[in-house]
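Peer 1: With the hints as a guide, bring both chains together as one complex.
Below are the chains, spelled out letter by letter.
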Amino acid sequence: AQSVTQLDSQVPVFEEAPVELRCNYSSSVSVYLFWYVQYPNQGLQLLLKYLSGSTLVESINGFEAEFNKSQTSFHLRKPSVHISDTAEYFCAVRVIKAAGNKLTFGGGTRVLVKP
Amino acid sequence: DAGVIQSPRHEVTEMGQEVTLRCKPISGHDYLFWYRQTMMRGLELLIYFNNNVPIDDSGMPEDRFSAKMPNASFSTLKIQPSEPRDSAVYFCASIRTTSYNEQFFGPGTRLTVL
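Here the protein sequences come in this chain order: A and B. At position 38 of the first sequence (counting the first as 1) the number is 1396 in our numbering, and the numbers step up by one without a gap. At position 22 of the second sequence (counting the first as 1) the number is 47 in our numbering, and the numbers step up by one without a gap.
Calculated directly from the structure, the hints in this document are not laboratory data. Careful, some of the hints might be misleading.
Said to hold, decoys possible - Ranges of calculated distance between the beta carbons of each label pair, as one might list FRET restraints:
{"hint": "1", "chain 1": "B", "residue 1": "42", "chain 2": "A", "residue 2": "1398", "range": "24 to 32 Å"}
{"hint": "2", "chain 1": "B", "residue 1": "108", "chain 2": "A", "residue 2": "1369", "range": "29 to 37 Å"}
{"hint": "3", "chain 1": "A", "residue 1": "1420", "chain 2": "B", "residue 2": "89", "range": "42 to 50 Å"}
{"hint": "4", "chain 1": "A", "residue 1": "1419", "chain 2": "B", "residue 2": "27", "range": "20 to 28 Å"}
{"hint": "5", "chain 1": "A", "residue 1": "1378", "chain 2": "B", "residue 2": "103", "range": "38 to 46 Å"}
Stated by the list, open to error - Computed footprint of chain A on chain B, listed as stretches where at least three residues anywhere in the stretch have a Cβ under 8 Å from a Cβ of chain A:
{"hint": "6", "region": "66-73"}
{"hint": "7", "region": "110-123"}
{"hint": "8", "region": "131-139"}
Here the structure is a predicted model, which is why all the values come from computation and not from measurement. From the three backbone atoms N, C-alpha and C, an ideal C-beta is built for every residue, glycine too.
Isolated chain B, as found in the complex (with noise of 0.2 Å):
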């Protein structure tokens, strides 16, 4: 298996522009994270998703940011308009329910906004 997918790796954009995340679970898996890592804030879980269905979106920091799974095997996570406090590495990482609660993660979208 690829592991979970993420794109892109590396995202530079300017200020007001709209961005969006992307990402594939690993096949099988029923739940998905979407995480912000900052050197101020550490790892923070923004949304997660059980079956495509967001189940916990309280960490999503303003309605600027939003995210979705139209099927299995697809994430997005759009920001708009970006601001440069939203520069960060977004994870996302996915889990089976029967496998002992390990979490896979993707290699992470490096943001930064100038």
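Isolated chain A, as found in the complex (with noise of 0.2 Å):
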């Protein structure tokens, strides 16, 4: 079975500060990964994907994350913050040749934008 490790559940950081936010995952098959944003009191939103090609995967909204199969990490960059970006993301999986569509989702990091 897959598992996500998320490493850190809360990151405060400054507006316009950079932030990275750190995703492990296990499998001994190959994953689909996926980065979701919840903002305050809504659902999740899917913010970016790798299915496959580059490893470097980027979101309209400025965020990146590179898939790292050797240390099986898909850590979630962006470089300047607003305090718009204040939200829970999370990291997800989904084993490619399995049936089901299930996503296996990290316990989240909830990120705080300060002034």
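Peer 2: Structure (structure tokens):
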């Protein structure tokens, strides 16, 4: 079975500073990787995903994540955060050849952007 | 498209009462998932359906929980009887198999059992 570990439960950061959210997964087979964002009192929204190809993937609002197969990691970064980036971020994996479209989520990382 | 619709958005009930949560997936989506989110346990998958058929209910905590999907546009999650430890936010999500695995989440139902 696969598992996802998000090493930081909370990350306080000042506005316009960079942020990195760490995600490591364990799986004996190939996986797809995702980052979801949850704004206060809302459901989860897909932020970005890695399916194949370039190991660096980007979102439309300045986030990027890099898939590192040897380290089984998919860390999320943003070079300069805004107040509006305050949210909880979830890393998730899905086994490529498994039926069912099930996602396994990490425990989440709360990002609090301070002015 | 309106997205995944959940009702009610908030539910407060007393221990022992029956609670029914409702979900309308996005039209054309063939998978539907029910999740529970708590501070202590994070996001847990309870059950999921494919073409209205329950595929995996191994995450359902106990027999007090049941879920149905009578048609492609409606699903319910029922708790009977409810207990205070069931207090959580319950999310419904749907996906179309050909959509590169993006699950679309509803806004959630915040359940409080007193």
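Peer 1: It remains to establish, for every hint, whether it holds in the given structure.
Peer 2: Do the hints match the structure? See the list:
The supplied range of 24 to 32 Å is met by residue 42 of chain B and residue 1398 of chain A, whose beta-carbon atoms lie about 28 Å from each other. Under the hint 29 to 37 Å, the C-beta atoms of residue 108 of chain B and residue 1369 of chain A, about 34 Å apart, fit the expected range. Checked against the given bound of 42 to 50 Å, the beta carbons of residue 1420 of chain A and residue 89 of chain B, roughly 44 Å apart, stay inside it. At roughly 23 Å, the beta-carbon separation of residue 1419 of chain A and residue 27 of chain B lies within the given 20 to 28 Å, and the hint holds.
Judged by the Cβ atoms, the range 38 to 46 Å given for residue 1378 of chain A and residue 103 of chain B holds: they are separated by roughly 42 Å. Counting residues of the region 66-73 of chain B whose CB falls under 8 Å from any CB of chain A gives 4; the rule of at least 3 is met. For a cut-off of 8 Å, the count of residues in the region 110-123 of chain B with a CB near a CB of chain A stands at 4, and the three-residue condition holds. Counting residues of the region 131-139 of chain B whose C-beta sits closer than 8 Å to any C-beta of chain A gives 3, which meets the bar of three, so the coverage hint holds.
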